[in-house]
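These protein sequence lines map, in sequence, to chains U and P.
So the first sequence is numbered by the numbering used here: it starts at 1 and just counts up by one.
So the second sequence is numbered by the numbering used here: it starts at 1 and just counts up by one.
Careful, some of the hints might be misleading.
In silico lysine-lysine, DSS-like type, Cα no more than 30 angstroms apart, as pairs [as the list claims (entries may be wrong)]: (1) P:K302 with U:K327; (2) U:K82 with P:K139; (3) U:K181 with U:K114; (4) U:K235 with U:K279; (5) U:K36 with P:K302; (6) U:K345 with P:K260; (7) U:K279 with P:K116; (8) P:K116 with U:K78; (9) P:K260 with P:K126; (10) P:K139 with P:K86; (11) U:K294 with P:K86; (12) P:K116 with U:K294; (13) P:K126 with P:K103; (14) P:K139 with U:K261; (15) U:K334 with P:K260; (16) U:K34 with P:K86; (17) U:K131 with U:K36; (18) U:K66 with U:K102; (19) U:K261 with P:K86; (20) U:K334 with P:K212; (21) P:K302 with U:K294; (22) P:K139 with P:K103; (23) P:K128 with U:K334; (24) U:K294 with P:K260; (25) U:K57 with U:K114; (26) U:K109 with U:K82; (27) U:K261 with P:K116; (28) U:K334 with U:K345; (29) U:K298 with U:K279; (30) U:K345 with U:K294; (31) P:K128 with P:K103; (32) P:K415 with U:K82; (33) U:K298 with P:K103; (34) U:K34 with U:K131; (35) U:K280 with P:K116; (36) U:K230 with U:K279.
Okay, the calculated bits of chain U under chain P, using three or more residues with CB under 8 angstroms as the criterion [what the hints assert, rightly or not]: (37) 62-70; (38) 129-141; (39) 332-339.
Honestly, the hints are just simulated from the structure, not real lab data.
For each residue, glycine too, the CB sits at the ideal point set by N, CA and C.
In case you want the letters, here they are:
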Amino acid sequence: MIVNTILYIYLFLCVMILLYTLSYILYSAYRNYKEKRAVMGWQVAMANQIYQVNLGKGVHRDFIKKLQKELVDTEELKYFEKALESFQEEEVLLRILCDLQKVILYLAKEYGDKGTMDKAYFALFYSRFSKGAWTDDQFLYIFLGYLDQRSIYVRDSVLKAVISAGQMSWVLRVLTEFTDKNWSHHAKLVGDSLTLYPGDHEELTKVLWQQWRRFLPTLRQGVLLYTTQKSSSYKREMYEVMTDERENIELRLSAMRYFMKNLYEHAEEVLRQYVLDPKKGYEIRVVAARVLGKYESKETLEVLKESLGDPNWYVRFNASEALIEQKRSLIDMKDILLGEDVYAKEILEYRITERSQRK
Amino acid sequence: MMEIFLENVVEKISLFFVVYMIIYTTYLFITVFYGAIQLHTQDRMIRYNNELKHEYYIPISVLVPAYNEEVTIVDSIRSLLNLQYKLYELVIVDDGSKDATSKVLIEYFHLIRTRKPIHERIPTAKVKEVYEGQMKNIKITLVIKENGGKGDALNAGVNISRYPYVVAIDADSLLQGDSLERIIQPVMRDERIIAVGGMIRISQTVHMDQGKVIDYRLPWNPIVGMQVVEYDRSFLASRILLDQFNANLIISGAFGLFRKDVLMAVGGYSIDTLGEDMELVMKINAYCINNQRQCRIAYEPKAICWSQSPSSLKDVMKQRKRWYLGLYQSLSKYKELANPFKAGFSRSFSYYYYLFFELWSPYIEVLGILNIILAWQLNLLFVPFMIRLLLIYTGYNILLSMTAFLQRVYSQGIKLHGSDILKALLMVTLETALYRYILSFVRATAFIGYKKKKNVWGEIQRKKQNYT
Chain U
1 MIVNTILYIY LFLCVMILLY TLSYILYSAY RNYKEKRAVM GWQVAMANQI
51 YQVNLGKGVH RDFIKKLQKE LVDTEELKYF EKALESFQEE EVLLRILCDL
101 QKVILYLAKE YGDKGTMDKA YFALFYSRFS KGAWTDDQFL YIFLGYLDQR
151 SIYVRDSVLK AVISAGQMSW VLRVLTEFTD KNWSHHAKLV GDSLTLYPGD
201 HEELTKVLWQ QWRRFLPTLR QGVLLYTTQK SSSYKREMYE VMTDERENIE
251 LRLSAMRYFM KNLYEHAEEV LRQYVLDPKK GYEIRVVAAR VLGKYESKET
301 LEVLKESLGD PNWYVRFNAS EALIEQKRSL IDMKDILLGE DVYAKEILEY
351 RITERSQRK
Chain P
1 MMEIFLENVV EKISLFFVVY MIIYTTYLFI TVFYGAIQLH TQDRMIRYNN
51 ELKHEYYIPI SVLVPAYNEE VTIVDSIRSL LNLQYKLYEL VIVDDGSKDA
101 TSKVLIEYFH LIRTRKPIHE RIPTAKVKEV YEGQMKNIKI TLVIKENGGK
151 GDALNAGVNI SRYPYVVAID ADSLLQGDSL ERIIQPVMRD ERIIAVGGMI
201 RISQTVHMDQ GKVIDYRLPW NPIVGMQVVE YDRSFLASRI LLDQFNANLI
251 ISGAFGLFRK DVLMAVGGYS IDTLGEDMEL VMKINAYCIN NQRQCRIAYE
301 PKAICWSQSP SSLKDVMKQR KRWYLGLYQS LSKYKELANP FKAGFSRSFS
351 YYYYLFFELW SPYIEVLGIL NIILAWQLNL LFVPFMIRLL LIYTGYNILL
401 SMTAFLQRVY SQGIKLHGSD ILKALLMVTL ETALYRYILS FVRATAFIGY
451 KKKKNVWGEI QRKKQNYT
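Looking at chain U on its own, in the form it has when it is part of the complex (with noise of 0.2 angstroms):
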């Protein structure tokens, strides 16, 4: 009998959330009709404010109110949102942003208020539309109170959202509290937000820089990824985190890729030390011996050569793809050619066959 009852009781259930999913279903096909209409509203809104600006007057006092009354609700600043893409080619959109501070200001505070999910998708609203216009330093402290709940896409969207800004002092900051915090980022995500910056990349690599020591290993490494997209000039700096054999792998193998594209004479020698010293870990030889495939000189065409022998398969491999990417003649690899090392012959001989394919 007990099992009839409870078997009632979950039919019931049941029917309950077949109920709820069906409607849920309904309910978000009138939400995609009701959307339409909202963001063909706030389309029209923002069509008559850029004709006004265009007029040379202001952004009007209603349609601010209108976005201080209705962005509250996270459902109208998606639609807002969409209605703002159509016009990201406006000349006059900067200016119409400029005037919006304040009501955007007002609504990051609300937004403190919310969910993480919310939270998230307004700084994600605003590292998309700030586009330098919205820097009152409120916004930054507003943003680093929503870190207080640790939701990785919190994190990331505040950190796009700060680095959008174009302060650099807000970067410094945030990173600051990450890392004091102790929270830990993915280097590629750290590395991928710097690039968002708008201002001068030079000028915010330095002042990273300057307090690089101080980040947790994560950040230090999305710095050092940033850098090696961004500028030329930390060739030293790279060189000593290169060197440091207390420090962490990860970065010393970020620092060594940076000089494939950043070449610099004193780290070319030290890079070839790596790669014949079979007491260096073999993560540091293999990427050495890549990273060396820019340095044609010839002290690094005999050290790849002999590291074709290299007991690491993946020593050999790379060396042999650093040596094609050297665009060498058969007549300097011709000792390798004609040698009697069976294992480099071979993937020399692979490589010299995936270039002519490749021409």
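Given the structure of chain U, go ahead and fit chain P onto it with the hints provided.
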């Protein structure tokens, strides 16, 4: 005296069944209930862009093991060339096919034979030839090797791949355009995550174009239709729930991401089990436990792979027999997962779930039938009660399956045609009233003629994909 004893037996078995049924129905209920909660959460996450959306992620090697796949392989590889991901390579391993799998690939993608050296970190059957080519800036490598089974083919792919993460997919699978981006995101979220399973859906229901689903229709073929609703209820809902507790012990071989160094550390895929995908995840879990490494297996329902399901009953039966025996082999091999003090409560919970409700369930069902016969002999059977119970249970399962189906369809933004809802109702009813009993029979008889087979591919009849 004997009669009293038998009555006691019937009573005890009935009591056992009551408890078993309550636990199972509760579990099913919780999975679908959790699905309903997730429906709203996931919907909001997508709407409010709560995802780690970036330009660059980590390079990935996509491994495609193939055996007699000449019908579907070109479409599958074409679909893989349309992924929205910055840096990845394709490694196709032809495991000694008897048909023209390699030939169609070489011709269609203009692959050229090379002498690429392979670092055999994991031993495999002999590699005969390697072909390479490039299309849309994506490197394609074809490895032709002697037959060694799916696990062996995947190991050969791991050996030749160059990137730190590998994605293993079936040769008949179609990946959605954003699936690689989605499947790597959990790794960016939490560095302890070493493997991620994607969501597998049945490809006979969709028409895809350039990595996007342009039409979805439930097929009239009841075998395929029933599998669609079965996948939605049994596998997907359950995995979403288990993921919350780091309790997933299975990543489908049709679409899973692994950290290559971990794969190599555990010795790659097993070549002497029938369910190499299941075995691998259990092995990784055991590796983490034994080496006291903090690692997680994640499930990403937004990373979607459309995979071809068997379309005849014979093929389904063959497939399920293989799955069942694979489950048996894996559960027997990694008994350490049963110890909650060693493996953790969630992993052990999952282990016992598979043990009681998957591995032992057909025998428990047989015991139930025997009990009914015995009760009938002893005049203890109350037929109206039994019929009512069966009807309620069937109705309950129909409702759950229908809900799970609608949840999945909605959460993937698929537009349903009116006729599909009717078809879904029909399939759900057939699946609940008929199909699951056939599968129970298959599982109950799976050990007949069982030998610890090696190097076996699950061969099913392939159909051309709906890919343009």
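Hint check results:
Of the pairs offered as hints, the one joining K302 of chain P and K327 of chain U is violated, with about 44 angstroms between alpha carbons and a cut-off of 30 angstroms exceeded. About 37 angstroms separates the Cα atoms of K82 of chain U and K139 of chain P, which puts this hinted pair outside 30 angstroms; it is violated. Straight-line distance between C-alpha atoms of K181 of chain U and K114 of chain U comes to about 22 angstroms, which keeps the hinted pair within the 30 angstroms bound. The straight-line distance between the Cα atoms of K235 of chain U and K279 of chain U is roughly 25 angstroms, inside the 30 angstroms bound, and the hint therefore holds.
Of the supplied pair hints, the one linking K36 of chain U and K302 of chain P holds, its CA atoms being roughly 25 angstroms apart against a limit of 30 angstroms. Only pairs whose Cα atoms come within 30 angstroms are accepted, and K345 of chain U paired with K260 of chain P is accepted, the gap being roughly 27 angstroms. For the suggested pair K279 of chain U and K116 of chain P, the alpha carbons sit about 28 angstroms apart, so the restraint of at most 30 angstroms is met. With a C-alpha separation of about 51 angstroms, the suggested pairing of K116 of chain P with K78 of chain U is violated against the 30 angstroms cut-off.
For the proposed pair K260 of chain P and K126 of chain P, the alpha carbon gap of about 21 angstroms is at most 30 angstroms, so the pair holds. With a CA separation close to 12 angstroms, the supplied pair K139 of chain P and K86 of chain P stays within the 30 angstroms bound. A C-alpha spacing of about 23 angstroms is found between K294 of chain U and K86 of chain P, which places the hinted pair at or below 30 angstroms, so the restraint holds. Between K116 of chain P and K294 of chain U the CA atoms are separated by roughly 23 angstroms; this keeps the pair inside 30 angstroms, and the hint holds.
A distance of roughly 19 angstroms separates the Cα atoms of K126 of chain P and K103 of chain P; the hinted pair therefore holds under the 30 angstroms criterion. Distance check on the hinted pair: K139 of chain P and K261 of chain U sit about 23 angstroms apart at the alpha-carbon level, within 30 angstroms; holds. In summary, the hint linking K334 of chain U to K260 of chain P is not supported, as the alpha carbons are separated by about 35 angstroms, beyond the 30 angstroms threshold. With a C-alpha separation of about 35 angstroms, the suggested pairing of K34 of chain U with K86 of chain P is violated against the 30 angstroms cut-off.
For the hint pairing K131 of chain U with K36 of chain U, the CA-to-CA distance comes to about 26 angstroms; that is within 30 angstroms, so the pair holds. For the given pair, K66 of chain U sits about 13 angstroms from K102 of chain U by alpha-carbon distance, which is consistent with the 30 angstroms threshold. Pair hint K261 of chain U plus K86 of chain P holds up; C-alpha atoms about 19 angstroms apart against a cutoff of 30 angstroms. Note on K334 of chain U and K212 of chain P: the hinted pairing is violated, with a Cα-Cα distance of about 51 angstroms set against a maximum of 30 angstroms.
A threshold of 30 angstroms between alpha carbons decides the hint, and for K302 of chain P with K294 of chain U the separation of about 40 angstroms lies outside it, so the pair is violated. Between K139 of chain P and K103 of chain P, the direct Cα distance comes to roughly 18 angstroms. Compliance with the 30 angstroms bound is thereby established for this hinted pair. Proximity of K128 of chain P to K334 of chain U is assessed by CA-CA distance (about 28 angstroms); at most 30 angstroms being required, the pair is judged to hold. Between K294 of chain U and K260 of chain P, the direct Cα distance comes to roughly 27 angstroms. Compliance with the 30 angstroms bound is thereby established for this hinted pair.
Proposed proximity of K57 of chain U and K114 of chain U is contradicted: the alpha carbons are some 35 angstroms apart, above 30 angstroms. For the suggested pair K109 of chain U and K82 of chain U, the alpha carbons sit about 22 angstroms apart, so the restraint of at most 30 angstroms is met. Using a Cα cut-off of 30 angstroms, the hinted pair K261 of chain U and K116 of chain P holds, with the two alpha carbons roughly 27 angstroms apart. A hinted pair counts as satisfied when its Cα atoms are at most 30 angstroms apart, and K334 of chain U with K345 of chain U qualifies at roughly 10 angstroms.
With a CA separation close to 24 angstroms, the supplied pair K298 of chain U and K279 of chain U stays within the 30 angstroms bound. The straight-line distance between the Cα atoms of K345 of chain U and K294 of chain U is roughly 22 angstroms, inside the 30 angstroms bound, and the hint therefore holds. Of the supplied pair hints, the one linking K128 of chain P and K103 of chain P holds, its CA atoms being roughly 14 angstroms apart against a limit of 30 angstroms. Straight-line distance between C-alpha atoms of K415 of chain P and K82 of chain U comes to about 22 angstroms, which keeps the hinted pair within the 30 angstroms bound.
The suggested pairing of K298 of chain U with K103 of chain P is violated, with an alpha-carbon distance near 44 angstroms, which exceeds 30 angstroms. For the suggested pair K34 of chain U and K131 of chain U, the alpha carbons sit about 29 angstroms apart, so the restraint of at most 30 angstroms is met. The suggested pairing of K280 of chain U with K116 of chain P holds, with an alpha-carbon distance near 27 angstroms, which does not exceed 30 angstroms. Straight-line distance between C-alpha atoms of K230 of chain U and K279 of chain U comes to about 33 angstroms, which puts the hinted pair past the 30 angstroms bound.
Counting residues of the stretch 62-70 of chain U whose beta-carbon sits less than 8 angstroms from any beta-carbon of chain P gives 0, not enough to reach three: the coverage restraint is violated. Against chain P, the stretch 129-141 of chain U contributes 0 residues with a C-beta closer than 8 angstroms to a partner C-beta. That does not satisfy the three-residue criterion, and the hint is violated. Check result for the stretch 332-339 of chain U against chain P: violated, 0 residues qualifying (beta carbon to beta carbon below 8 angstroms, three or more required).
Hint violations for this structure: numbers 1, 2, 8, 15, 16, 20, 21, 25, 33, 36, 37, 38, 39, all remaining hints satisfied.
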